[in-house]
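Chains as they are written, first to last, in the numbering used here: chain A, 1189 to 1684; chain B, 1189 to 1684; chain C, 1189 to 1684; chain D, 1189 to 1684.
Treat the hints as calculated values from the structure; they're not laboratory data.
Don't take every hint at face value.
No distinction is drawn between identical chains; accordingly, a pair holds when it is met within one copy or between any pair of copies.
[What the hints assert, rightly or not] The calculated BS3-like cross-link candidates involving lysine-lysine, where the alpha carbons are at most 25 Å apart (straight line), are:
{"#": "1", "residue 1": "Lys1512", "residue 2": "Lys1638"}
{"#": "2", "residue 1": "Lys1364", "residue 2": "Lys1522"}
{"#": "3", "residue 1": "Lys1446", "residue 2": "Lys1512"}
{"#": "4", "residue 1": "Lys1648", "residue 2": "Lys1511"}
Below are the chains, spelled out letter by letter.
There are 4 protein chains.
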Amino acid sequence: MGDKIIDAAEVAKHNSAESCWVVLYGKVYDVTEFLPNHPGGTQIILQLAGKDATEEYDPIHPSGTLEENLKPEACLGTIDPETLSKISSKAVSERKAERTRTEAPAMSTLLNLDDIEAVAQKQISHKAWAYYYSAADDLFSKSLNNTVYRSILLRPRVFIDCTNCDLSVSVLGQHKLGLPIYVSPAAMARLAHPAGEAGISSACSKFNAMQIISNNASMTPEEIVKNASPDQVFGWQLYVQTERKKSENMLARINRLKPVKFVCLTLDAPVPGKREHDERTRAAVQTSSETSLLQASGGTPMEGGGGIGQQLFAGTDPSLTWKKTLPWLAEHTKLPIVLKGLQTHEDAYIASLHAPQVKAIILSNHGGRAMDTAPPAVHTLMEIRKYCPEVFERVEVWVDGGIKRGTDVVKALCLGAKCVGVGRAPLFGLGAGGVEGVERVLEILSAEAKTAMRLLGVEKVEELGMHHINARAVEQQIYDGPAGLNALMPLVKPKL
Amino acid sequence: MGDKIIDAAEVAKHNSAESCWVVLYGKVYDVTEFLPNHPGGTQIILQLAGKDATEEYDPIHPSGTLEENLKPEACLGTIDPETLSKISSKAVSERKAERTRTEAPAMSTLLNLDDIEAVAQKQISHKAWAYYYSAADDLFSKSLNNTVYRSILLRPRVFIDCTNCDLSVSVLGQHKLGLPIYVSPAAMARLAHPAGEAGISSACSKFNAMQIISNNASMTPEEIVKNASPDQVFGWQLYVQTERKKSENMLARINRLKPVKFVCLTLDAPVPGKREHDERTRAAVQTSSETSLLQASGGTPMEGGGGIGQQLFAGTDPSLTWKKTLPWLAEHTKLPIVLKGLQTHEDAYIASLHAPQVKAIILSNHGGRAMDTAPPAVHTLMEIRKYCPEVFERVEVWVDGGIKRGTDVVKALCLGAKCVGVGRAPLFGLGAGGVEGVERVLEILSAEAKTAMRLLGVEKVEELGMHHINARAVEQQIYDGPAGLNALMPLVKPKL
Amino acid sequence: MGDKIIDAAEVAKHNSAESCWVVLYGKVYDVTEFLPNHPGGTQIILQLAGKDATEEYDPIHPSGTLEENLKPEACLGTIDPETLSKISSKAVSERKAERTRTEAPAMSTLLNLDDIEAVAQKQISHKAWAYYYSAADDLFSKSLNNTVYRSILLRPRVFIDCTNCDLSVSVLGQHKLGLPIYVSPAAMARLAHPAGEAGISSACSKFNAMQIISNNASMTPEEIVKNASPDQVFGWQLYVQTERKKSENMLARINRLKPVKFVCLTLDAPVPGKREHDERTRAAVQTSSETSLLQASGGTPMEGGGGIGQQLFAGTDPSLTWKKTLPWLAEHTKLPIVLKGLQTHEDAYIASLHAPQVKAIILSNHGGRAMDTAPPAVHTLMEIRKYCPEVFERVEVWVDGGIKRGTDVVKALCLGAKCVGVGRAPLFGLGAGGVEGVERVLEILSAEAKTAMRLLGVEKVEELGMHHINARAVEQQIYDGPAGLNALMPLVKPKL
Amino acid sequence: MGDKIIDAAEVAKHNSAESCWVVLYGKVYDVTEFLPNHPGGTQIILQLAGKDATEEYDPIHPSGTLEENLKPEACLGTIDPETLSKISSKAVSERKAERTRTEAPAMSTLLNLDDIEAVAQKQISHKAWAYYYSAADDLFSKSLNNTVYRSILLRPRVFIDCTNCDLSVSVLGQHKLGLPIYVSPAAMARLAHPAGEAGISSACSKFNAMQIISNNASMTPEEIVKNASPDQVFGWQLYVQTERKKSENMLARINRLKPVKFVCLTLDAPVPGKREHDERTRAAVQTSSETSLLQASGGTPMEGGGGIGQQLFAGTDPSLTWKKTLPWLAEHTKLPIVLKGLQTHEDAYIASLHAPQVKAIILSNHGGRAMDTAPPAVHTLMEIRKYCPEVFERVEVWVDGGIKRGTDVVKALCLGAKCVGVGRAPLFGLGAGGVEGVERVLEILSAEAKTAMRLLGVEKVEELGMHHINARAVEQQIYDGPAGLNALMPLVKPKL
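Whenever a hint applies, use it, and build me the whole structure from the sequences.
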């Protein structure tokens, strides 16, 4: 690493693919050779070529990323701080202005998750909001994820002592949780708030809630679990990389972390979905960019040139199969496996045949972010009940997507879910009020879920059942077999 | 009680939990010791500490409340009237301004219940409106209560002499009523108008309509029935208190009141629902309060710290059961029991096994105020028809929730209801035009119901039946048994 | 009749129930004694007491009304024309201003019935619009009348020679019509345009379309059919009056009119519906009236004190029955009887047992004006198909309500209707452009219906059938028997 | 052809039906005699009488039209260019202004078909937009065409290697296409952009996509296929003309064009639909026209006097039948026949009996432009599956209508379609960005379809099937037989 003091004017000259320098944390780096290897694409770096890229870079790269990817000699020296202001990127300063324009209200005045989302939208950058908010195509599945819960009615019972109510559950056969509500793996928490994924961890510890760490977290797993007790329950999300060695190295790191109790292999996004809200922020940046490199390069990129979501996706392997991937995984970790992203009873059934390596499955359409018009988890839950209820006995069934109210949580539990994940809500909580905002999210959902359970005359989560809900409207919508003519289908024997 | 003349400036000094004085009806009280015992919470008093609290206090406390709760020595003396204006609470004066801003139109120009609600919203304070209007969570059940009636079609018959039409019904096997429409127990009528619950009683007497007195009425039962003839039919609503002695004392008072013909035990709200409209008015007051005590106290209260609804709820016992509560009740009153708040055929069936102590059940989701996505009474009516129609022979079935039109009343009667309650409408009537406004509500509903009956070719209420309606849309939505696969369920034998 | 010249100032003094004079067509009448006998109520006259009432009176009373109702001596003399302007009613002059504010576009630029309604709304007085537009309660049935057609799909066929298309039909076994579209009896055409019902007749003659003359027409039957050829087909609508003699006299007049081919006995409005748009215009007039007589009279009238609809209704007998009324009718006319307003298969079945006196039935919910949430005619058509299809063989089935497009006409014909009535559309046509506007309505519907038939591959009306439509959405909504549990019901044997 | 130089002032005098001159491409023509023979009607020419009509004429007439229709002596000479500006039509200049008001954004920033339509709406003339956008009556079928796809859910599968995805298909048993997406025959591409249908051809060649040339293309077939390789796949759409010889001549020309691989006989519009958006632009022009000839001519034309759609329609024969038309066609071409516009299973079944002359059928409701409330192609697909699945084995089934997303394409393929047509989208693409805009449309749909296939775990188009979708919502809506009482119908044996 060089010790030279470098003038910003000098840095500014190196603003092309031929010679590309950037400033990060006060140091000047020559990233010309790294350009083609950047998982997020060349484009995004070239826009910051010759500039201080720290504000853009920092919230989406965990610490250690620089060291892992650049050779020591890439560091050319230290930027002369007096000259630095000349090369700050305009987009960055704009975002800053945006970010501080309102003061957040007291979290206690926010009564529900919509309130929190509304505050977060004002607090965080438009780019971060667009990334969190976005979903595939026309947001149909994202919307259905929630409205399907609204179409299920609850059946309150009377004259049952409801003095006590206990939300605790056990997962994976051994881990006691304070809530049946966990934080789904969602990327880039530091876009919302500097506390990042570690802040979510801190909020979870207060409720003894489970957290699944995103493969694309903006902090390292080690940083996230640093302050956790050994009993706190974390999962670690794995997107298998085409470059297997990378995944194996990560698994080795994860195996060493006590609080991480399982690996969550995500299957519902083998290719990136099309998230137009997210992509438009990228397009906007490109359009306003002086260098206009995209235009110059010609063409109309569709695949892999989109928003944050598509950048994060780079390197993920689309060739996973039941036969190859699970055995490979068994070689590299003894942790239980949780499969995330199942959306049909057929796949749930196949997964259940892989117990006990697979201990739980997560029914999820990736928050509506992968394929639009994919079914909500409630549909898949009811498909399993209809075609292969034995799945519930072989593996735990978790669900996520669309949870806005404690009543939604309770309905999922009635349908057979063991626990229920929330993804966007904690991120919006983080954006609205940092750690306290995430706590508020968990507090609201817990209190609402408790009220619902007490009005159903239920003291413990495991007492909840199908007799507590009227899900007839949804029953009339779920998959009815390929024949489609109202015939009840026997289970289609799956090919393994 | 002290006779001293006290200066307002002196009162103003006692504005904390350490020493808390308030002025009520011209007297100064030291309520420091009472603070922790206030059923509505410490908070609400501390906001008025050192001030004249009369306007806040008066419309929500029946007379005698002071005497019941404070020792005589708590009264320190009389406020010096010349100094009083200094300590009037700002919130109060604001509310006053609000309340008088429009002149109400003649009641005869209001053609339907929506007209009346719209006028009331202008006439009453925002806080009162929010309390009446609010319902649980997203108001889904409140809305469904009404729209479910819209989805039922009426089947008019022709060439039937419809010169005469008689709305009278008998309830509880003996009491003749002029209308099958009664006033549901709804709290805090004096928030709408000084005439309060006694005003509602006066309007009911004109139509020989039944009224159920709220457990949280803003007047005493004795005041409410004072001008009633012995034949006028009242019920008294009981929320059983954790401190049983309080409930027993009330029952003793009720047993002595001739016009009260039955006790209505409310079961649909063993814990308070989450009514955000109501809670937001509380939050708004707290936010604007100079003392900002809530902030100081820290934390983010969720349970029991909400709006008027949650204050009223304090002290209610959530541990009632079929086995314990009905026998206890039998010890303290010989009046017939009406159980309010049943929402499943299972509970209706169990209740019917408690005849003849239980003479009627009220199918109700508490106006959508307890649990959102709870079923409307129409669903429960149709569930009973489907699974256990014998219930109709053992007990009377009353319903409430969502009634906006006379056709709604007639549809409920066709489905088997004996009579139909309205809760918010009389309160809005009271707010819009006092006693005359309540009369207008009953007049509109009666006239509309009569027109509907005549167009159906029906002269008497008891002739109405399932052949007068097409409820097929609702049939396709009601509970279909826990299996959920379109199988007709035999009655689930309930556990007692 | 007096010949005196009377000064307006003198007339103006007689403005109370004690002495009530009005000016009509330049003559002064003392109507004090007539006041209690006015079918439309005392109120409406008192508002015009002491004034020139001609503009209010003229468009809603057929000629001869004065002579029939007042004795000759009631005419006191002639108003001094120079003094007349002093006593013109304010409301009238306002209405005039309103009426002339826009110039109507060429009828040929109006492409559909909504265009025509929009123009009419600008051309006619608000009072007239409110009377035509209004329907019962919340306009649910009015709206459903139309949307139910939208939920039926057409099934176009290909490779069928559709060069020719013929809309003609025969009704009542003998009368050939150019169109299967007729003008329903709708009152008060002169409110829309001076051409009135005779103008509608003139437009119908151009298309050889049938017209049913309203019992409450603003012209006499004689005036309406004056220019008709003997072959033009009219029906005359009968509301049986409590004072039977009046109805018998009218029938005697009708029997003498060659072009009137049948009597249409209306059964769907034995009591007036509640039409709030209409009632509000009345309320508005009363409120702005200086004399404010309603206020003075006290009370809050609900029944019979409403808008134009309720005034017209006065005197109608609600006691008609199958047993009494049809034989009475047989005594007073030999014309075939068409029963209007059947809304259930039960009543259609009973009616069919009265063939051949009854030759046709009209399925109608009175344009949604009688009972809100009454079923649309399409429901009743499909009920008959389901429970008692033999009705189609015994009597002709006509329908009205909700027709906006030629495709709606064709769908009704596919379902078994012989012809299809339109009520509001010709009135709006009249309002938009007089006779030419009514022609445009018939022209648009005919052209649209022809296009639809040709695309279905159908040349003649009688070829249309159930295989040309997909009405499955509606089938799932129609009445399913009183048991309601998806059981197919045998026909309920009706009581006669 | 005359060589005289003619002054514009002289031309301007000939502006009536008696003597009608127009300027086209700098030449003056006397079209007086041609007036009654103009397929688009006399009206439209008279509006431009005495003026330079080039801008109006050019984009809707393929080259050669003048020569085909006018005798040489009709050309009177050359317009004096210095005088020309005096007779430019106002409407034209307005349209020009409109057309250039915005600069189109880079096609790569348009993320979906709605983006493209929005840009096109700004770029093209209002008249062109109205012609493309319009559909029959209330646009119900147009809307349903799209929303029916939204009501079908996709069923993503996991753990399937989705590295590869291949969109290629073979049609008509031999032609390999790069995409299962083709360009439907849509008229008047030069209204959108000068590149016209040849531009669409150029875009298609890049993707090896199929294009069907409209019978009413604004360029000749020869021009359109000029730059195509012999392997590029085109169809040519035939509307059979009443004047058979015209159609036969066209077929002879088509038979000589190598790239045209089949004839697409359109059956879904034997009479023109009523497209009010389109008709209103015509009405607007007529109204603003000084000559106001329509008014003068009197009457209220309904049939054939409408917008562009109706002009194009002139001359089409409505008398086609299975028996006469197919044999006639066999005499004039050996190309395979594709029948377009089938909307019932009955017609699909009959068509399948005409294999092998008929090689494919296109299920289409003409983009909702012929008959409103006609069923979407998805309904017809599912009808065929239900009643006569053997059709899929006898002929290829193609569909069009309502495609907005790649997921829509995939759903149609799952239901059994061989390929999927888009009509408006390429025209809007052309309007938004010329050839590049059409490419963008195909690129977006391809990329979206590929993503969907990969998330379904499908590599090749032919693997897609009913088990990949949940179409239960649609199954409940499709035709259920004429009995209508939920009985499954055996196939109605069709009359041939």
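Hints and how they fare:
Taking identical chains as interchangeable, the C-alpha atoms of Lys1512 and Lys1638 lie at most 25 Å apart only when they sit on different chains, with a minimum of 24 Å there against 43 Å within one chain. For the homomeric pair Lys1364 and Lys1522, the shortest alpha-carbon distance inside one copy (20 Å) is at most 25 Å, but the shortest distance between copies (50 Å) is not. Taking the shortest Cα distances, Lys1446 and Lys1512 never come within 25 Å of each other, neither inside one copy (27 Å) nor across copies (50 Å). In this assembly of identical chains, the alpha carbons of Lys1648 and Lys1511 lie at most 25 Å apart only when taken from different copies (21 Å versus 39 Å within one copy).
When held up to the earlier numbered hints, the structure conflicts with hint 3 and nothing else.
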